[in-house]
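When you read off a place in the sequence shown, starting at 1, and then add 803, the result is the number in the numbering used here.
What the hints contain is simulated information worked out from the structure, not anything from laboratory work.
Keep in mind that a hint or two might mislead.
Unchecked claim - Here are the computed distance ranges between Cβ atoms for each label pair:
no.	residue 1	residue 2	range
1	964	994	36 to 44 Å
2	1023	918	37 to 45 Å
3	871	916	56 to 64 Å
C-beta: ideal position from N, C-alpha, C; glycine also.
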Amino acid sequence: MIKEIFNGIQDYFSAYRLLNELNLWRFFKIPIIVSFILGIVIIGASWGFSDDIGGYIASVWTFSWGKQTVIAISNFIGGLIVLAFGIVIFKHALMIIVAPFMSPISEKIERHIYGIVKKPGTGFKAQTSAFARGIQIGVRNAFIEILWIIPFFIFSFIPVIGVVFLVLIFLVQAYYAGFGNMDYTLERYFPYQRSVQYVRAHRGIAIGNGIVFMLILLIPVVGILFVLPLSAVAGTLSTLRELHTKK
């Protein structure tokens, strides 16, 4: 799995070269706009909710002494909660919305590198199918991801070992981000359940891809704009290499 993680990370360098070589940037115009708008909406909502959540947490403290300290800590905790769940909502909503645009890009990459395309799809029917599958994968992954994050977040406040759970939250988010980027290719090869099994068997690829995805996403403004092109192409390269190696 360690090797797969490193391969998933290294493929970002190849992704950048391929984006320029095949002039794939032009196919990402609409997805980038969607990413930017969605990012602004999530950030705006997060800004408002963080104070509300912080205020709710602080309301538990009924004493006057130390009230300001409790409020400050509560707002910080509220911000962390909103950040964690905001990223979950952003990445899965984004991957669902842009799925019809990503599948053709994955096909172009496969045709360029391997000369063939597994079950190429064109037209409205293919786009509708990609969107429906994106919803199925996105909703499933978001639900499971949140189920993992909630207990990890609670345990993260345990002194000393809490940092371990923060790392686990990051890795869980990375895994499901990479999952989404892999599925743009896997949808041509496997039905829904088989794709889930495939990613589980190659979780290192998903984690490696997702680690860089998460780090790019944390870059203000620029991250929102460029995270999708780089991560989607990198995920496609990693997945195709694994699929064609097994043939």
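Status of each hint after checking the structure:
Here the CB-CB span from residue 964 to residue 994 is close to 40 Å, well matched to the stated 36 to 44 Å. Between residue 1023 and residue 918 the C-beta distance comes to about 41 Å, which sits within the given range of 37 to 45 Å. For residue 871 and residue 916, the Cβ-Cβ distance of about 59 Å falls inside the hinted range of 56 to 64 Å, so the restraint holds.
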